[in-house]
Structure formats: structure tokens, C-alpha cells
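Q: Here's the letter readout for the chains.
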Amino acid sequence: MLKIINGGIETLVEDWPGRLGYLGKGMSASGAFDNVGLGLANVLVGNPSGEAGLEITGGFLEAEFDGDHVIAMGGSDMQPTINGQPVPLWESIKVGAGVVIKFLHIGPTGFRCYLAVAGGVDVPAYLGSKSTCIFGSYGGFQGRALVEGDEVLFGEPSADLAALAGRKLKEGAVPQLTNELVLRAIPGPNTCPDYVTEEGMDLLFERVSKIQHTSNRSAYRLEELPDSFFARADGGVGGSHPSNIIDHAYAIRGALNICGNTPILLIADGPTLGGYMCALNVINADLWKVGQGAPGRDFMRFELSNQDEAIAARKEQKELLSEASLA
Amino acid sequence: MEKSVNAIMPGLCARVVVAEGDQVSKGQEVAVINCMKTEIQVNSEYDGVVTKVISKEWDEMQVGDPMVMLEVEE
Chain A
1 MLKIINGGIE TLVEDWPGRL GYLGKGMSAS GAFDNVGLGL ANVLVGNPSG
51 EAGLEITGGF LEAEFDGDHV IAMGGSDMQP TINGQPVPLW ESIKVGAGVV
101 IKFLHIGPTG FRCYLAVAGG VDVPAYLGSK STCIFGSYGG FQGRALVEGD
151 EVLFGEPSAD LAALAGRKLK EGAVPQLTNE LVLRAIPGPN TCPDYVTEEG
201 MDLLFERVSK IQHTSNRSAY RLEELPDSFF ARADGGVGGS HPSNIIDHAY
251 AIRGALNICG NTPILLIADG PTLGGYMCAL NVINADLWKV GQGAPGRDFM
301 RFELSNQDEA IAARKEQKEL LSEASLA
Chain B
1001 MEKSVNAIMP GLCARVVVAE GDQVSKGQEV AVINCMKTEI QVNSEYDGVV
1051 TKVISKEWDE MQVGDPMVML EVEE
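Chains A and B supply the protein sequences, listed in that same order.
Read in the numbering used here, the first sequence has 203 at position 203, and its numbers run on one by one without any break.
Just add 1000 to the spot in the second sequence (first one is 1) and you have the numbering used here.
Source of the hints: derived by calculation from the structure; they are not laboratory data.
Check the hints yourself; a few may be wrong.
Stated by the list, open to error - Quick list of in silico lysine-lysine cross-link-like pairs, DSBU-like style, CA-CA up to 30 angstroms:
# : chain 1 : residue 1 : chain 2 : residue 2
1 : A       : K210      : B       : K1037
2 : B       : K1037     : A       : K25
3 : A       : K25       : B       : K1003
4 : A       : K102      : B       : K1003
Please read all numbers here as calculations on a predicted model, not as lab measurements.
Please take these sequences and the hints and turn them into a complete structure.
A: Written as C-alpha cells, this is what we have:
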């Protein structure tokens, strides 16, 4: 068990791939924002890569263990300490009763750190997932972020704790975090020539855009596009602005919605439908990077991709999130 | 000894809730940062007296940026 002393900015229980199959009911998948960080931390402690862990956004989580556990952390380096002593990310560590783990603020890169514990977080699965949908107040730990006094339980480890402790990743398996996220993306469904000018699409794939401070688990907002981006003068029967179209389903996670002149990347807890055009979709294998983009600090750039590359990248990521990545 | 209360998150300064001359205690809220469409409290790590308010509403903040200066007893 882990007793929360300080929940920090926002600490959630998340698994991967989240709550699939309910988009038609208006429920987004939720799930770990950086599935690579969570996945590798899980592999280190002997869990399936999609097992539920703690997603620590912004830092400042402080908590005390009440028994023997093996833990691992991945993602942004929030300078974690155990009983005041610095501990590394990306390796499994044995902790005992009375051990206090503490995280500081975000590192120079990244925005979220994942804490995986052997056996996984033991919360009831809701509609097939342990993930928290923070905006819907369901799933995870009582549908909310952790706060002081919460007691988080864990499941049964897959092996003896002594065998799970001290595991590290192979060189090259540790994800490299940057302040400029390069996201491979496939144009569509609303692109040129009907909705966007050719120059507009070129701009979308060329420019580097700052992640706005209003970004969160629902959507990452980028800098506004010029009016010349749009091929239409208005949205016709969809509305007065050229970004308006008749309501349609959004291909989340990863659809870039154009809301007025503002591009908004719809992700973990994002809306499932609406009346704005979508100009591209980030490939599934690159979505983890978005979770490590700090609002108000980092930048995002799209790189033209295609279906074959997206499928190959997804296979490569599946291999990465396995015991093949252990040293 | 002069100490600063620093931003703990990137974002916009929503407000500073203390003024020059105010006595503040360790753990007391001194400012608020707007990020992720939510308000994040910035608390003092020290007991002290506010000597200067550095941040104002809508200022862009990065982690570690000083928001308020304090005179702290050694």
C-alpha cells in the first residue's frame, strides 16, 4: 500500500490502452498520456506493459510505502528521492515499509513521470480499464486525482521481489525527451483542396508551434493559424467560420481539430465528436511524445507520414515495450 | 537573508495574493499559476516578509522563475 502525503499537481491512475470501445457513447479512451514511459516502467517491475501505474503530472507527489514493493519510474526526471536520497529513473528498486518517495518539479524536458509498482495498481476496472477520465470523474482511483490521505493498493507481483529488483533497460531503450516534439502525422480527413489551401497544409507541416498553457489531458492547443490556411470563406451549413463542418466523429486519439483558427490536438480524455474540421492525425506510435510536452514551455512540429510507416512504427513500439528492452 | 518564491510550473501568472510588507508563513499561498486550464497554488517555502512582488497577471512563467521576494530570518 502507498499512503499519499501530498498528491502533487495532478497524480492519476492510468493504464494502457485505456478504455476502448466506447467512443460511440461519448467516452474517450483515457489511458497513460505517455504509454512508453508507463510501459517501460512496468516492464522493469515485471508487469505487463499496459498495467496501471501512477501518472505524475507537474510533480510534487509525496507518499509513504507500508510494505515491501519493487518500483520503477520513467518519463520526465522529477528528481525523485527515497528517504531523501536521489534515485534513478529507468531501473527497478526495492522499497520497504516506511519508505517515503518524493518528487520535485518537472525536469528540463518532459512533463509527466510514471511510477510503476510490481503487481500494478489495484483499483477496480471500469468498463475494461483502470484508467482515470479526469473530466468525466470515472475510472482509476474514485474517478479523481490522488490527494493527501488516499491509500493506493497494489496487486500480486509476477515474481519474487528479489528477482524483480535491480533490473535496467538496454542502452538505446530509454526514450529521449526533447523540448521540440516531432510528431509523424497523416493528413486528413479535412484537407486540401476542399477545406485547406495547399499553402495551408504546407504551413501546417513546416511550422514549429508553441504548446499553449491551456493544454491538458483533453487537448493540446497550438498557436493560431492564419486565415489563408482555409480554402473556404465560411463553414457553409456547418457554421459561419471556415473551420466549422457538420458534426462528425473525431478520430481520437491524435486528431488535429481546427477550432476557429486554433489547431487543437485531441488526445487521452478528448471529445469524441464535434463540428470542427480535422486536418491530420498523429500516428499512434508518436502519441506518447505529446504527453511529455510541457504546456507553455515546449514546441510541436508535424512531419508527413503514411500508413505503412505508422504500422511499422507501431510494431517497433510493441517490441520496445517488452522484456526485449531489458539489459 | 533574501529568498525568492519561485514558479513551480510553466504557465501564466493568474495573480499574486500578497503585497509588499506582508508577513508570510511557510506553506502559505503567495501566488497562483494558470496551467492546464486549472489554477495551481504557489506556496512559500519560508517564514518571512514580502520585500518585492515580481510577477503580475498574465506574465509567462517557467519553472524556477521568481514570483515574490522575501526577507527571511537566518
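Q: Is K1037(B) close enough to K25(A), meaning Cα to Cα at most 30 angstroms?
A: holds, 25 angstroms
Q: Check whether the Cα positions of K210(A) and K1037(B) lie no farther apart than 30 angstroms.
A: Since the Cα atoms of K210(A) and K1037(B) sit roughly 16 angstroms apart, the hinted pair holds (cutoff 30 angstroms).
Q: Is the hinted pair K102(A) and K1003(B) satisfied, with a Cα-Cα distance of at most 30 angstroms?
A: The given pair, whose Cα atoms are some 23 angstroms apart, holds under the 30 angstroms limit.
Q: Sort out whether K1003(B) lies within 30 angstroms of K25(A), counting only the CA atoms.
A: violated, 52 angstroms
Figure legend: structure checked against the earlier numbered hints; the only hint not met is number 3.
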